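Those protein sequence lines, which keep their order, are chains A and E. Quick note: the first sequence uses our numbering, first residue 139, plus one each step. Quick note: the second sequence uses our numbering, first residue 139, plus one each step.
If you are wondering where the hints come from, they were derived from the structure by calculation, not from laboratory data. Among the hints, a few may not be true.
The list makes no distinction among identical chains, and a pair is therefore deemed to hold if it is satisfied within one copy or across any two copies.
To be verified - With a straight-line cut-off of 20 Å between C-alpha atoms, the simulated EDC-like cross-links for lysine to aspartate or glutamate are:
1. LYS364 with ASP375
2. LYS191 with ASP181
3. LYS348 with ASP580
4. LYS164 with GLU180
5. LYS364 with ASP299
6. LYS505 with GLU262
7. LYS416 with ASP688
8. LYS416 with GLU686
9. LYS327 with ASP580
10. LYS366 with ASP168
11. LYS416 with ASP401
12. LYS366 with ASP187
13. LYS327 with ASP292
14. LYS189 with GLU464
15. LYS226 with ASP299
As the structure is a prediction and not an experimental result, all values here were calculated from the model.
Here is how the chains run, residue by residue.
2 protein chains.
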Amino acid sequence: MSATTTRTSPASVSFETHPDRYRHWKLTFDGAIATLGMDVQEDAGLMPDYKLKLNSYDLGVDIELADAIQRIRFEHPEVKTVVVTSMKERIFCAGANIFMLRGSTHAWKVNFCKFTNETRLGMEDASANSGVRFLAALNGICAGGGYELALACDEIVLVDDSNSAVSLPETPLLAVLPGTGGLTRVVDKRGVRRDLADVFGTLVEGVKGKRAVEWRLVDAVYPLSKFKDSVAKRARDLAGTSDRPGAGPGIALNPLGAMGTADAWEYSSVSLAIDRPKRVATLTMRAPAAPVEATPDAILAAGDQFWPLRAFRELDDVLLRLRSNEPAIGTIVLRTEGDPALVLGADAVLLEHREHWLVREIIHFMKRTLKRLDLSARSLFALIDVDSAFAGTLFELALAADRSFMLDDPDRPIAIQLSGMNGGVLPMSNGLSRLDARFYGDPQTAKDALDHEGWFDPQAALAAGLVTYAPDAIDWEDEVRVAIEARVALSPDALTGMEANLRFVGPETMETKIFGRLSAWQNWIFQRPNAVGPTGALTKYGTSDRAEFDYGRT
Amino acid sequence: MSATTTRTSPASVSFETHPDRYRHWKLTFDGAIATLGMDVQEDAGLMPDYKLKLNSYDLGVDIELADAIQRIRFEHPEVKTVVVTSMKERIFCAGANIFMLRGSTHAWKVNFCKFTNETRLGMEDASANSGVRFLAALNGICAGGGYELALACDEIVLVDDSNSAVSLPETPLLAVLPGTGGLTRVVDKRGVRRDLADVFGTLVEGVKGKRAVEWRLVDAVYPLSKFKDSVAKRARDLAGTSDRPGAGPGIALNPLGAMGTADAWEYSSVSLAIDRPKRVATLTMRAPAAPVEATPDAILAAGDQFWPLRAFRELDDVLLRLRSNEPAIGTIVLRTEGDPALVLGADAVLLEHREHWLVREIIHFMKRTLKRLDLSARSLFALIDVDSAFAGTLFELALAADRSFMLDDPDRPIAIQLSGMNGGVLPMSNGLSRLDARFYGDPQTAKDALDHEGWFDPQAALAAGLVTYAPDAIDWEDEVRVAIEARVALSPDALTGMEANLRFVGPETMETKIFGRLSAWQNWIFQRPNAVGPTGALTKYGTSDRAEFDYGRT
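Here chain A stands alone, though its shape is the one from the complex (with noise of 0.2 Å):
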């Protein structure tokens, strides 16, 4: 499409690291105070043609951050504020790296926005619902995506010298957004006033000192000799508001040990199977094999083996594993197996101890994954047949699919169940729970599903509303197989705009403005010949060329 999109990406990307592994992030514990020290290694990217200069990421590096803050949510209760700053002197981070950027494709760009902003929304998570505070400590020059991952920690503080300050310098230099949430979280979150945030977009040079504080930019500056002192004593005083326990111990998080086949991978709960000739994955979730831990403590024992922690954890790896690497797969079957009463089990664990530290974050894990799959650019079809397990929160799945199939065979019935969990526990990133989403324009509908006590059959859940289609053994496979064809046959952008639009109807959030408006923009502009065209800006940048510009406004 354009002179810049020349390199492939990445054969295959792994979501799955640990700290005795990072590259580029130092994850160090004192107390209640963590610190994630950013110290990129130029030449460990994830490609080779690109160098990783001034802390500036690409998505390996984003990987580790991911990671480090899920492990400080499960393994280290006792963290109450995580400081974020850079091993480097002088620089805290110069952003997403843009030869990087100028050699990816169209949809590696998109996707790479996708997944760090998922990260960035992850902090404010842990802090909104995890007690977990950040405190940005820029200890010199922060950029674009860096002066974006300041905005996604609860406090900015920025060092006061001649040389350090905050800047979003992508629409003068590169002629795109600060798309990583950047331009949302100055005026919506910060507060910064519209007129200074408009200026502040186009200054190359950015603002520190004083001025970055008076226009909002960031809470504090110190002199570089208050520094350290100044940083140390802020997250002490944002730990003092957190409700975390305080004390371990927390649960490790091994890795998943999936399996992988040129078509497959197996997971302990979950199957992901390609048919690539049909451009379909068939996903599939299985129920717990026999009744979860009922109890915190030994919630705490079984650790990540905990069914819902696990099989989430699997979800959520699987999804990023397809986005990233099977791009040409345009629709995902969402089915699942096993026992549903046992799925109903864990619901009524999770609910009866949500107040309980683990639990907490588990169930909000399991809410980022959900979300991660709402945010998906993949039809999602749910397919309720023989051996399902559709209840509660395994139920989501089907909430969340465009479609849903169940089969309405009287020799193998089947039915679905909700749960508790269905009703606000797991919300969308516009923070109505799916069933509410779905009954936008009928909320009674949505009372009256949540109310129903006991299952639902095929009829039933067709009359409740609760699924799109109800075939009969004779249609069944008939109707499956030509939906998914003619889904297939569409074209892939038309159905990412239009699951876009459908799937978050009502109220939106900082989040869902992130990702509706910024980044559709953000999207349409790393498109335009004005960022990738042969006279582009992110094409000429770094050369000895300018940029050349077709000045026509749309």
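Position chain E relative to chain A; hints supplied.
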């Protein structure tokens, strides 16, 4: 950019028309019921290379629709319901003309959709704020943009025969979105269940009869034999919910009489001077020359010469001309002239009589025009200097601007002042006053500014956060010049994206969702090869070739 954008746009589009000159609509009146009958003339498109078959439309058709709605509001206070229907048998409207879209530049497509969106939102504004109800009487096939027009109405009724269906076939037929509010209104306004909306959005043939009612796509269906009477009854019922005066006199909206030259347009209260080499236009609004009429009777007698109406009609017209006819003008400098006390006087009259139907219409028209300014994809800089009249309503121009500059020269003292018109009477699309949007992070400052008695001099305005800069006389010229030169040098696409994000801080509404989420995705898709490339669906529509897609998901 693509094989499809081969045609240039019309040389110059005028947005003024009159029912006597309509080519495509018949506007008739029967007491409280007006009928807008669509009867598009195939050979009367804005450009000669397409035929407007089957009541399909181009911008010219929509300009007449917008004109008709304005005239109903101002010229016909007796009208309480508008029946929107077709004069052709068996076809209501086939939507936007596909051959027009295919031959249009990207910018033309985007601006065409923006105007049609504004027109449909204007219908909803008329219903919500002026008691003008709209009834879509679908007497035949209603597809794509035709159904989107129906969605903008309060009620939709459909003839029940074997032929007549509603449909949104854009995704399966053209690989683009139902982008004139369609996707948003189906789920957000009409409350169609999202999975049914998903099915509907992929069904070329659409949905008809009882199922269309069950899915909430229409409010009722009637057999042809009962259609006319049922429509008449529903129109009367809707009229019963209106608070319109029900009797005249209305006021005539006469031609604006703008004088155009190669690089200027001159109206009675608005001037536009275009500097093409600099890619800047200066838009000046003039305060009334004398105190405005102060009683409803006098305002009715003044009619369209009443300054607030006249000045904002002129502003509206000049913005539309700029958008369509001057794509290379990236920055609009906003100025005012005259006696600001007379603006405040006009504001006092508007506020005192805002319950009167005509004053209400005028205020909502001013509101819609200012929204048009917010939604214009041009950088807006306000210059507050000698002899300016940035007070009350005219200060909204400065609040709409991305930046404002106020001259601080003791020898030529100038000042700004707020009025009650700045306090929420003229909200943005997101429901906030521009003052509240400006101080989204600091609501007390917004309140203080509104409560402030009397004028703000430049330093007071700066301290109150009401202007971005207050240069002194020595710096003024250079500072303004450098800022404008720097602005117009930036990528117009990145600026469009940045402005679209910074201007709409805080809450989102159905209106901002249509422009921010739906339009942004549509604009993305409007560039995608799967739609507009050599084998894209929009390119191949109506040919003997099938579209060929790149099935990679983004």
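For each hint, the structure was consulted:
1. LYS364 with ASP375: Answer is within: at 16 Å inside a copy they meet the 20 Å cutoff, but 73 Å across does not.
2. LYS191 with ASP181: within (9 Å within a copy, 61 Å between copies)
3. LYS348 with ASP580: Only across copies: LYS348 and ASP580 sit 18 Å apart there, 52 Å inside one copy, limit 20 Å.
4. LYS164 with GLU180: Within. Shortest intra-copy distance 15 Å satisfies the 20 Å Cα cut-off; inter-copy 69 Å does not.
5. LYS364 with ASP299: within (12 Å within a copy, 80 Å between copies)
6. LYS505 with GLU262: Cα proximity of LYS505 and GLU262: one copy only (14 Å, versus 36 Å across).
7. LYS416 with ASP688: Classified as between: cross-chain Cα gap 14 Å, same-chain 41 Å, threshold 20 Å.
8. LYS416 with GLU686: between (42 Å within a copy, 16 Å between copies)
9. LYS327 with ASP580: between (32 Å within a copy, 11 Å between copies)
10. LYS366 with ASP168: within (14 Å within a copy, 78 Å between copies)
11. LYS416 with ASP401: within (12 Å within a copy, 57 Å between copies)
12. LYS366 with ASP187: neither (36 Å within a copy, 69 Å between copies)
13. LYS327 with ASP292: within (10 Å within a copy, 36 Å between copies)
14. LYS189 with GLU464: neither (26 Å within a copy, 43 Å between copies)
15. LYS226 with ASP299: Within one copy, since 16 Å is at most 20 Å while 73 Å is not.
In summary, the structure is inconsistent with hints 12 and 14 from the numbered list given earlier, while agreeing with the others.
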